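Visitor: Since chain R is already given, all that's left is putting chain H on it; use the hints.
Sequence order for the protein chains is R and H. Take 1 as the starting number for the first sequence in our numbering and just add one per residue. Take 410 as the starting number for the second sequence in our numbering and just add one per residue.
Since the hints were made in silico from the structure, they are not lab data. A portion of the hints provided could be inaccurate.
Unchecked claim - Pair by pair, the computed Cβ-Cβ distance ranges are: (1) 24/R - 637/H: 42 to 52 Å; (2) 621/H - 196/R: 39 to 49 Å; (3) 784/H - 374/R: 31 to 41 Å; (4) 142/R - 791/H: 35 to 45 Å; (5) 621/H - 328/R: 49 to 59 Å; (6) 784/H - 314/R: 54 to 64 Å; (7) 168/R - 791/H: 54 to 64 Å; (8) 717/H - 169/R: 52 to 62 Å.
Bear in mind that the values here come from a model prediction, so they are computed numbers and not experimental data. By construction, the Cβ of each residue, glycine as well, lies at the ideal position given by its N, Cα and C atoms.
Number of protein chains: 2
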Amino acid sequence: MITINGERLLADLYDLRKIGAFKTGVHRPTLSEEDMVSRRWLCDKLDAFGHGAEIDGIANVIGRAPGKGPHVLAGSHIESQNEAGWLDGALGVIYALEAARAVKEAGTFGERGVDVIAFADEEGHFGNFFGSYSFLGELSDETIDGAMDRTRGTPLREALEKAGLTGRPRRQIERGRHSAFLEAHIEQGDWLEANDLTIGIVTSIVAIWQFRIVFEGVQNHAGTTRMAIRRDAGVALTELCHRIHETFPEVAAERSVWTTGRITLQPGAPSIIPGRAEMLFQFRDADLAVLERIQAHLERLVAESNTAGPCSARLEVISRAIPAVMDGRVQDAIETAAEQIVPGRHTRMPSGAGHDAQNVARHLPSGMLFVPSIGGISHHWTENTSDQDIVAGGRVFAAAIGELLAAAE
Amino acid sequence: MITINGERLLADLYDLRKIGAFKTGVHRPTLSEEDMVSRRWLCDKLDAFGHGAEIDGIANVIGRAPGKGPHVLAGSHIESQNEAGWLDGALGVIYALEAARAVKEAGTFGERGVDVIAFADEEGHFGNFFGSYSFLGELSDETIDGAMDRTRGTPLREALEKAGLTGRPRRQIERGRHSAFLEAHIEQGDWLEANDLTIGIVTSIVAIWQFRIVFEGVQNHAGTTRMAIRRDAGVALTELCHRIHETFPEVAAERSVWTTGRITLQPGAPSIIPGRAEMLFQFRDADLAVLERIQAHLERLVAESNTAGPCSARLEVISRAIPAVMDGRVQDAIETAAEQIVPGRHTRMPSGAGHDAQNVARHLPSGMLFVPSIGGISHHWTENTSDQDIVAGGRVFAAAIGELLAAAE
Numbered sequence: 001m002i003t004i005n006g007e008r009l010l011a012d013l014y015d016l017r018k019i020g021a022f023k024t025g026v027h028r029p030t031l032s033e034e035d036m037v038s039r040r041w042l043c044d045k046l047d048a049f050g051h052g053a054e055i056d057g058i059a060n061v062i063g064r065a066p067g068k069g070p071h072v073l074a075g076s077h078i079e080s081q082n083e084a085g086w087l088d089g090a091l092g093v094i095y096a097l098e099a100a101r102a103v104k105e106a107g108t109f110g111e112r113g114v115d116v117i118a119f120a121d122e123e124g125h126f127g128n129f130f131g132s133y134s135f136l137g138e139l140s141d142e143t144i145d146g147a148m149d150r151t152r153g154t155p156l157r158e159a160l161e162k163a164g165l166t167g168r169p170r171r172q173i174e175r176g177r178h179s180a181f182l183e184a185h186i187e188q189g190d191w192l193e194a195n196d197l198t199i200g201i202v203t204s205i206v207a208i209w210q211f212r213i214v215f216e217g218v219q220n221h222a223g224t225t226r227m228a229i230r231r232d233a234g235v236a237l238t239e240l241c242h243r244i245h246e247t248f249p250e251v252a253a254e255r256s257v258w259t260t261g262r263i264t265l266q267p268g269a270p271s272i273i274p275g276r277a278e279m280l281f282q283f284r285d286a287d288l289a290v291l292e293r294i295q296a297h298l299e300r301l302v303a304e305s306n307t308a309g310p311c312s313a314r315l316e317v318i319s320r321a322i323p324a325v326m327d328g329r330v331q332d333a334i335e336t337a338a339e340q341i342v343p344g345r346h347t348r349m350p351s352g353a354g355h356d357a358q359n360v361a362r363h364l365p366s367g368m369l370f371v372p373s374i375g376g377i378s379h380h381w382t383e384n385t386s387d388q389d390i391v392a393g394g395r396v397f398a399a400a401i402g403e404l405l406a407a408a409e
Numbered sequence: 410m411i412t413i414n415g416e417r418l419l420a421d422l423y424d425l426r427k428i429g430a431f432k433t434g435v436h437r438p439t440l441s442e443e444d445m446v447s448r449r450w451l452c453d454k455l456d457a458f459g460h461g462a463e464i465d466g467i468a469n470v471i472g473r474a475p476g477k478g479p480h481v482l483a484g485s486h487i488e489s490q491n492e493a494g495w496l497d498g499a500l501g502v503i504y505a506l507e508a509a510r511a512v513k514e515a516g517t518f519g520e521r522g523v524d525v526i527a528f529a530d531e532e533g534h535f536g537n538f539f540g541s542y543s544f545l546g547e548l549s550d551e552t553i554d555g556a557m558d559r560t561r562g563t564p565l566r567e568a569l570e571k572a573g574l575t576g577r578p579r580r581q582i583e584r585g586r587h588s589a590f591l592e593a594h595i596e597q598g599d600w601l602e603a604n605d606l607t608i609g610i611v612t613s614i615v616a617i618w619q620f621r622i623v624f625e626g627v628q629n630h631a632g633t634t635r636m637a638i639r640r641d642a643g644v645a646l647t648e649l650c651h652r653i654h655e656t657f658p659e660v661a662a663e664r665s666v667w668t669t670g671r672i673t674l675q676p677g678a679p680s681i682i683p684g685r686a687e688m689l690f691q692f693r694d695a696d697l698a699v700l701e702r703i704q705a706h707l708e709r710l711v712a713e714s715n716t717a718g719p720c721s722a723r724l725e726v727i728s729r730a731i732p733a734v735m736d737g738r739v740q741d742a743i744e745t746a747a748e749q750i751v752p753g754r755h756t757r758m759p760s761g762a763g764h765d766a767q768n769v770a771r772h773l774p775s776g777m778l779f780v781p782s783i784g785g786i787s788h789h790w791t792e793n794t795s796d797q798d799i800v801a802g803g804r805v806f807a808a809a810i811g812e813l814l815a816a817a818e
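Here chain R stands alone, though its shape is the one from the complex (with noise of 0.2 Å):
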């Protein structure tokens, strides 16, 4: 079993923290200064024990296993949301670095190490996975010339010309040197925390479903239209909401969640009636017959507040991904791992959010492990971790990674 330095791996994680900090988290936008610093930082780490690395064109961080391989991918994301955690996506990366250091260390893999990578851009700050969609080929140059940062409008190819990447390659996974891909991650929800267990070991990551629910009605005034003859879109919309809530346990399962981000009612006055009402609703599920079931439902309810009337409802798809399943062999290193280091205390469960591991995972064998997040806060500076867990989880993904080494010889 690979044996990792718990405090190393602490100390690491508390460094990068400094990088950028805000609060108790971090303010590491993607291609900022402070972005660029971690990269750096992470670059200096990996050539420290002799993984060559370097910073790509599409600031992808990638520090190379001396070997021939095969060896095992592992990582995750260096930047962070605006003003957030400490330890989203950072975790992953460090997991990794530590690994990586460890397998070296132990000198008993012959040709095959860890690859270490940290994806850019995976929080989405330009658009949407591009530093693994680049990683793996799916990214092309039009779309980085189109794209530009949501926060700042910032153009992403001035972006990465302040950030001197311009005219580097773009790094693409090469055939036959990876046997798997491993990633870390914290829960984001409290599913680990309320059960008191450890490690949650992924076995799908969640599509996402997303929708756009148009109602049209007729514009009028608020004083003079009686409320026989109104069609207010509005009201039509929020009829669906409370049937949405009031029908959809029934057909969702046990862990499907279903929100509605935004509402927009047309003008927006306070004396007109809305002739024109929009909802952003998505639902996710790691299952694709109940993510199918779910949207036959939602169907039925827009049709029947359709015919019902006074306003007409469509339903428009933005977009609907296909759950990513998790390499079974990858699970099962992972759970023999967990129950080593810390026996009865890890389960198998879905992502509820996205990660780089669901675009690896059409290319390699690919899993994820998960740590508890206090009180299953996220995508917030308060975001935390015992160092207990983080030092735990760092023991199972290296020992994961030991048993996927193991399984390739």
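Guide: Positioned in the frame of chain R, the structure of chain H alone reads:
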């Protein structure tokens, strides 16, 4: 009975429609170039038959009858909403112009006549009934100092200066000069049309009670936060909307109306559970007891939502006006005139919209008459009324003024 010239009335209305024409409606926001052209046009019309007219320091147009009085004050507003209808306001001004002209031509009322007024900014581009408040001595210079155009952001002082009105006095009502105030307006609803009627005699102008309802929950990740532990402020809001929709008919009166004009979920992102939600809600009725009953019910619903959880809910009062009762003798004068001109085709009814008459009613016996709006449409450039109804309304308006002048002997 006063006899008006129906062709002249229509010709004036159609001429006014050309100023700031927008599709089949008009665009004459307060103090815009088009608005000022229309005010000077009205002054010329008034001067032409000896009603010394002026535009005062707030842009009210006042055309004074030559005699000592007591006069009837008559008019409405001449500016339009942005890109809106051609009759909203303009109709009442031209009715007053034609009635004043006809009274002058009749030559049978001695010292008595019709003062014509076109109030500024009834449509609220800069504020809230600034023209009538100013005329009634209820508008401070400080309020003017702080006002700016809601669409364009121009300070009112700057707009007044650009219109050449800086330094002009703001004229105020003279105690004892008038025996009554009469305003005509398009109905802006479909009651007259639906009941095949020509004249609405306004009994009272409904009061608007406006509220903000605020829900506080917990913002969280829409993928990783289980349904069971969510505190989704948006769901709390739409459930309250459902309760309003379901139960308001039980407590409201026949003509009560209620409207949710705006809903805001925060942060309003597709993948974030709203931690805060707000709605702008209003209801209207002409009966204070009904308004109070409705508010008590709303308070109950909000308290129920708050008690049931999982989000807090609170009701904030934005404004609560008092319904403006129209003077009984003025109503009788309109009814007498209507029964002569359109026998059996008139009804007493409340006004669901606000009008300058609600302010003037605090100072003078006041009344309003409505003519039908085709399809009930208003606040839109397609707003319209048939020429036949326009002329019939003008006849009733002038005849009612004849009744009031005769009664003031």
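Visitor: Do the beta carbons of residue 717/H and residue 169/R sit within 52 to 62 Å of each other?
Guide: For residue 717/H and residue 169/R the Cβ distance comes to about 58 Å; the hint holds.
Visitor: Assuming the hint says 54 to 64 Å, is it satisfied by the Cβ distance from residue 168/R to residue 791/H or not?
Guide: Between residue 168/R and residue 791/H, where Cβ atoms are some 59 Å apart, the hint holds.
Visitor: Could one say that the CB atoms of residue 784/H and residue 314/R fall in the range 54 to 64 Å?
Guide: violated (25 Å)
Visitor: Assuming the hint says 35 to 45 Å, is it satisfied by the Cβ distance from residue 142/R to residue 791/H or not?
Guide: Roughly 44 Å apart at Cβ, these two residues keep to the hinted range, so it holds.
Visitor: For the hint 39 to 49 Å, verify it against the beta carbon of residue 621/H and that of residue 196/R.
Guide: Cβ of residue 621/H to Cβ of residue 196/R: about 43 Å, so the range 39 to 49 Å holds.
Visitor: Look at the Cβ atoms of residue 621/H and residue 328/R and judge whether their distance stays inside 49 to 59 Å.
Guide: holds (53 Å)
Visitor: Can you tell me whether the CB distance of residue 784/H to residue 374/R sits inside 31 to 41 Å?
Guide: violated (60 Å)
Visitor: Kindly confirm whether 42 to 52 Å is satisfied by the beta carbon distance between residue 24/R and residue 637/H.
Guide: violated (28 Å)
Checked against the numbered hints above, the structure breaks hints 1, 3, 6 and satisfies the rest.
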